[in-house]
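Using the sequences and the hints, build the whole thing.
Number of protein chains: 2
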Amino acid sequence: MPIYTPPLRDMQFVMHEVFNVVDEFKNLPPHAEVDADTINAVIEEGGKFATDVIFPLNISGDTEGCTLDKATHEVKTPAGFNEAYAKYVEGGWPALSCDTAYGGQGLPFVLNQCMYEMMNSANQAWTMYPGLSHGAYECLHAHGTDEQKKIYLPKLTSGEWTGTMCLTEPHCGTDLGMLRTKAEPQADGSYKITGNKIFISAGEHGMTENIVHLVLARLPDAPVGSKGISLFAVPKFKVNADGSLGERNPIFCGALEHKMGIHGNATAQINIDGAIGSLVGQPNKGLAAMFVMMNAARLGVGNQSLGLTEVAYQNALAYAKDRIQMRSLSGVKAKDKPADPIIVHPDVRKMLLTAKAYAEGGRALAIYCAMLLDKELHHPDEKVRKDSGEMLALLTPIVKAFLTDNGFDATVMCQQVFGGHGYIKESGMEQFVRDARINMIYEGTNTIQSLDLLGRKILGNNGATLKKFGKLVGALVQEEGVNEKMAEFINPVAMLADQMTKFTTELGFRGMQNPDEVGAAAVDYLRVAGHLVFGYFFARMAQVALREIAAGNTDPFYGAKLQTARFYFAKLFPETASLMRTARAGSKPLMETDLALA
Amino acid sequence: MPIYTPPLRDMQFVMHEVFNVVDEFKNLPPHAEVDADTINAVIEEGGKFATDVIFPLNISGDTEGCTLDKATHEVKTPAGFNEAYAKYVEGGWPALSCDTAYGGQGLPFVLNQCMYEMMNSANQAWTMYPGLSHGAYECLHAHGTDEQKKIYLPKLTSGEWTGTMCLTEPHCGTDLGMLRTKAEPQADGSYKITGNKIFISAGEHGMTENIVHLVLARLPDAPVGSKGISLFAVPKFKVNADGSLGERNPIFCGALEHKMGIHGNATAQINIDGAIGSLVGQPNKGLAAMFVMMNAARLGVGNQSLGLTEVAYQNALAYAKDRIQMRSLSGVKAKDKPADPIIVHPDVRKMLLTAKAYAEGGRALAIYCAMLLDKELHHPDEKVRKDSGEMLALLTPIVKAFLTDNGFDATVMCQQVFGGHGYIKESGMEQFVRDARINMIYEGTNTIQSLDLLGRKILGNNGATLKKFGKLVGALVQEEGVNEKMAEFINPVAMLADQMTKFTTELGFRGMQNPDEVGAAAVDYLRVAGHLVFGYFFARMAQVALREIAAGNTDPFYGAKLQTARFYFAKLFPETASLMRTARAGSKPLMETDLALA
Chain A
1 MPIYTPPLRD MQFVMHEVFN VVDEFKNLPP HAEVDADTIN AVIEEGGKFA
51 TDVIFPLNIS GDTEGCTLDK ATHEVKTPAG FNEAYAKYVE GGWPALSCDT
101 AYGGQGLPFV LNQCMYEMMN SANQAWTMYP GLSHGAYECL HAHGTDEQKK
151 IYLPKLTSGE WTGTMCLTEP HCGTDLGMLR TKAEPQADGS YKITGNKIFI
201 SAGEHGMTEN IVHLVLARLP DAPVGSKGIS LFAVPKFKVN ADGSLGERNP
251 IFCGALEHKM GIHGNATAQI NIDGAIGSLV GQPNKGLAAM FVMMNAARLG
301 VGNQSLGLTE VAYQNALAYA KDRIQMRSLS GVKAKDKPAD PIIVHPDVRK
351 MLLTAKAYAE GGRALAIYCA MLLDKELHHP DEKVRKDSGE MLALLTPIVK
401 AFLTDNGFDA TVMCQQVFGG HGYIKESGME QFVRDARINM IYEGTNTIQS
451 LDLLGRKILG NNGATLKKFG KLVGALVQEE GVNEKMAEFI NPVAMLADQM
501 TKFTTELGFR GMQNPDEVGA AAVDYLRVAG HLVFGYFFAR MAQVALREIA
551 AGNTDPFYGA KLQTARFYFA KLFPETASLM RTARAGSKPL METDLALA
Chain B
1 MPIYTPPLRD MQFVMHEVFN VVDEFKNLPP HAEVDADTIN AVIEEGGKFA
51 TDVIFPLNIS GDTEGCTLDK ATHEVKTPAG FNEAYAKYVE GGWPALSCDT
101 AYGGQGLPFV LNQCMYEMMN SANQAWTMYP GLSHGAYECL HAHGTDEQKK
151 IYLPKLTSGE WTGTMCLTEP HCGTDLGMLR TKAEPQADGS YKITGNKIFI
201 SAGEHGMTEN IVHLVLARLP DAPVGSKGIS LFAVPKFKVN ADGSLGERNP
251 IFCGALEHKM GIHGNATAQI NIDGAIGSLV GQPNKGLAAM FVMMNAARLG
301 VGNQSLGLTE VAYQNALAYA KDRIQMRSLS GVKAKDKPAD PIIVHPDVRK
351 MLLTAKAYAE GGRALAIYCA MLLDKELHHP DEKVRKDSGE MLALLTPIVK
401 AFLTDNGFDA TVMCQQVFGG HGYIKESGME QFVRDARINM IYEGTNTIQS
451 LDLLGRKILG NNGATLKKFG KLVGALVQEE GVNEKMAEFI NPVAMLADQM
501 TKFTTELGFR GMQNPDEVGA AAVDYLRVAG HLVFGYFFAR MAQVALREIA
551 AGNTDPFYGA KLQTARFYFA KLFPETASLM RTARAGSKPL METDLALA
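Going line by line, the protein sequences match chains A and B.
Under UniProt numbering, think of the first position of the first sequence as 1, with each following residue one higher.
Under UniProt numbering, think of the first position of the second sequence as 1, with each following residue one higher.
Heads up, a few of these hints could be off.
Same chains, same names: a pair is fine if it fits in one copy or spans any two.
Claimed, not checked - Calculated lysine-lysine pairs in the DSS-like style (CA-CA distance at most 27 Å, straight line):
1) Lys-76 with Lys-425
2) Lys-333 with Lys-588
3) Lys-333 with Lys-70
4) Lys-182 with Lys-227
5) Lys-337 with Lys-285
6) Lys-425 with Lys-467
7) Lys-588 with Lys-321
8) Lys-485 with Lys-333
9) Lys-192 with Lys-285
10) Lys-26 with Lys-76
11) Lys-471 with Lys-588
12) Lys-337 with Lys-468
13) Lys-182 with Lys-335
No lab work stands behind these hints: they were computed from the structure.
Structure follows, in structure tokens:
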């Protein structure tokens, strides 16, 4: 059976030693009192919940899956899932970073980030139920009417109800402009919604007495395409004026998808047969409202793969220390055993260190993004709020695509460490791979993320935000440029930042001539950008570790951190060389003739 | 439902136009009469078998899986599997490249290679039953006693019986030196075998009346380690002197593994409780005898991934032409539709072309290897036989590891082309990924292949065989060096060959100082070698295509082949730059301290 230990030490290192989050919180009025003890206590308790309550349900949930009762349209989730959710509610976890105005605890997103990383390590399929729900909370909090907020936010905050996002239809996923679900205005100001949705995560279940579906649909007079889409809140059970539940709304699960992984999550086909809903935000501005939820979800998906990377790493590491097979090439290491533990073999270590570096780099990036979100929401200085939002927007597609590509590779490598035993279900390793696979697809495929990054977030503002990230790198160079011990970490990042600036300008020119040049380069470009970001954070983490070691701190954590950073720059970062080359090869080899794909 | 069309045209191109196999066969006495018509007729019929008989059972076989009756120890394979096997036998397919002395058709391995590629595209799990059986045939043909040959070879040739290879035990896979299964000599010259084996592919089934298990075990006086392992033929039912079946031998399936994929294949735990077997080859030389089977199996595993790459590509291509979503960045392409087919998008094309290039490069390499095998077995000139065998030995780990790594990436990319629909079982795409995953693990993990390549096959003979491959590259440069049109294909290969020569020498020196340097570089090195080989074959294919186009041939096949070659050199080959860099980074970042993995 798989193991999992919450990586509290590394989270604390990133929060307290690298980013000094408590100092940052002091500048954010709602979080000014949040201290390190609170933070540490919350993540410790969160880790217990993840480890004790939902981790034991991960394999059983995968094996059992969800079932639909076609007569009642009700879905049965795997054994133990409902009880685990009840404990989650009882512990007040849904409220962690929700608005105190609706019963929330109002704690920073940084904490929510850590909590979700651990829950994703423990059980991604289960975690999607509260995860989607929190996205619905964010969307209604930002765009709901006062009445919608009054009805829904307290229930979503307490966890008594959950929420979903209903976007995809059979003929449209990426291209939501083509969606067909209709919304007809009713005399009482409500809307009657009709249509068919697919791939609705956590779309139906018996964990809560009600579910609020956020549904994209078209008004009768709506313009064609993506400018004619509106957003509606459509509850499973209508809500009476006194807040009690009314009649069942005809928004039914018609079938459950048979999937490669995340079997414990009910991925539903949702048939909407004249269900009554209310408009969220402005008519025809539904996509903008939904994007609040989408951006949160994209960070959330990156976090899913971060969680899987960590848990896969822990298991592969334990196996590699325990499993004996062959002798070390450089001589017998375990004289008392008939063979050496496989951790002595260089390539086994390379696979382990790859997963470790992806987990640690990803954690730093994800916590940094959560900090940006807290600042965007609560910093008293408008410019800081704006800058934080822009930087977060730049980093969001990187979190989504880079962390999920890395996470897939990491889970595959950790499975490989197990040899044939990794292919067997009981090891748990193959489930991590199957679960990680969806993260590269949903909430916008990783190709879409790359176009969002390069086309919109970078070329769309002439590289202004990228330059701001470049300034962070520049500041580090300024600060540590004379420190010889930092050279091995800073030099490659500074060089790549310089190359990227030139390359981005070049791509901007090329893209003006031929937009397919942007499409052809985007995926490689995003990976290069991911390494720029990881490289920067590894340099900052190395800076702290070097400082501690110089100050006489003998905690082996710092030596290990330095070695992971060195491994990262020696063995992973250099792929940027090839990526720049293939990106530069342009669109011609892809587009020149239709013959290629005959 | 997935589609599949046998790639007959490309197979014919490789066999007839690139390698001129018929001319090569003229030099091999048993194959001197094999002409192009025979070859084409056989692969056409083989393609029909794959498409009509076993392809329809691929998804159903995955869904149903195999079941063990614990009372009888009999295994039920998925519906239709037994009937498909009966048709396979009826068609005489098991005999295709078997020795005519035992009822075989004696056709070249080149044909068997094409047949198996198509069967693997259609149904990898099913194809493993005859595949393992053919391996057992090879082993007994090479190392069996006259009596073993007389008993087993006609039955394996006709397909009336099948065979397995029983190597792995719970505590040893890679490190067979630790195996514990015992063989006690009996008074009548037979051996009584006792032990437990796991991961035995096609280990039990009801397709045939008997199964011959080739079992590795230890004699009582055997030296410790891998030098004390012997090989035994242990039939499920004992065979009487007249060839009829005798009593059941106590070699039972104790359980079936629950796996990530290849559900249609019965991966068995085999309990051997004093079963009677006969010695194959010399006492304590079992590993050498088994290696005949292993080498065939390693080529076979590469071929499995080649098959999956092709079928995944075909399905992704069809989907990309059909599915409409978003408009082309460079302007509307399908004016009559609400969106453009996704094949207009550069990154979708990149994913498709990656799979296409991996399939076409892999096919050329695999057919080349089969040709080498035919020459090794049948060329009248001993030196040619020896050279062919050495070149095949060099290329075998590349076929196994490079084709299976590529195949996994290709199936993942082709699944990605389907977006969310690729994660749903009904598309068939996720099964290709799950099935492809095992190919990187079994028959020696890809790490083991890389050590075999770099440590044994290259540094082990001071790069002599690699130099011979370099001479092939040199000959092509000689031949086409003045042809400007070939420069784009030849130059990168020639440059890489040169770099590899230097790098190999460097690694040889480093390895002498510290053997871990070899282990640290091997996986990257194998991938570079894979590109050298692919690059060479793409250059040769481009040479033929250019010649045909220059001669006025208007078949669009040649233009498409050129474009795939150009894509390959522009977008895939450049990863060698990073791989050389990370390989050169050496073992220190992996080995320097134990802290890293704490």
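Is it within, between, both, or neither for Lys-485 and Lys-333, if the alpha carbons may be no more than 27 Å apart?
-> neither (32 Å within a copy, 55 Å between copies)
Should Lys-333 paired with Lys-70 be assigned to within, between, both, or neither, using CA atoms and 27 Å as the limit?
-> For Lys-333 and Lys-70, neither the intra-copy (60 Å) nor the inter-copy (42 Å) Cα distance is at most 27 Å.
How would you classify Lys-588 and Lys-321 at a CA-CA limit of 27 Å: within, between, both, or neither?
-> between (48 Å within a copy, 19 Å between copies)
With 27 Å as the alpha-carbon cut-off, assign the pair Lys-471 and Lys-588 to within, between, both or neither.
-> For Lys-471 and Lys-588, neither the intra-copy (34 Å) nor the inter-copy (32 Å) Cα distance is at most 27 Å.
Could you place Lys-182 and Lys-335 in one of the four classes (within, between, both, neither) given a Cα distance threshold of 27 Å?
-> between (72 Å within a copy, 25 Å between copies)
Are the CA atoms of Lys-337 and Lys-468 at most 27 Å apart within a copy, between copies, both, or neither?
-> neither (55 Å within a copy, 41 Å between copies)
For the identical chains here, do Lys-26 and Lys-76 meet the 27 Å Cα criterion within one copy, between copies, both, or neither?
-> So Lys-26 and Lys-76 fail the 27 Å test inside a copy (45 Å) and across (67 Å) alike.
How would you classify Lys-333 and Lys-588 at a CA-CA limit of 27 Å: within, between, both, or neither?
-> between (53 Å within a copy, 17 Å between copies)
Pop the pair Lys-192 and Lys-285 into one bin, within, between, both or neither, using alpha-carbon distances up to 27 Å.
-> Within. Shortest intra-copy distance 18 Å satisfies the 27 Å Cα cut-off; inter-copy 78 Å does not.
Could you place Lys-76 and Lys-425 in one of the four classes (within, between, both, neither) given a Cα distance threshold of 27 Å?
-> Intra 23 Å, inter 20 Å, cutoff 27 Å: intra and inter.
Under a CA distance limit of 27 Å, which applies to Lys-182 and Lys-227: within one copy, between copies, both, or neither?
-> Only inside one copy: Lys-182 and Lys-227 sit 14 Å apart there, 74 Å across copies, limit 27 Å.
Same-copy or cross-copy closeness of Lys-425 to Lys-467 [CA-CA at most 27 Å] = Cα proximity of Lys-425 and Lys-467: none, with 47 Å in one copy and 44 Å across.
Figure legend: structure checked against the earlier numbered hints; hints not met, in rising order: 3, 6, 8, 10, 11 and 12.
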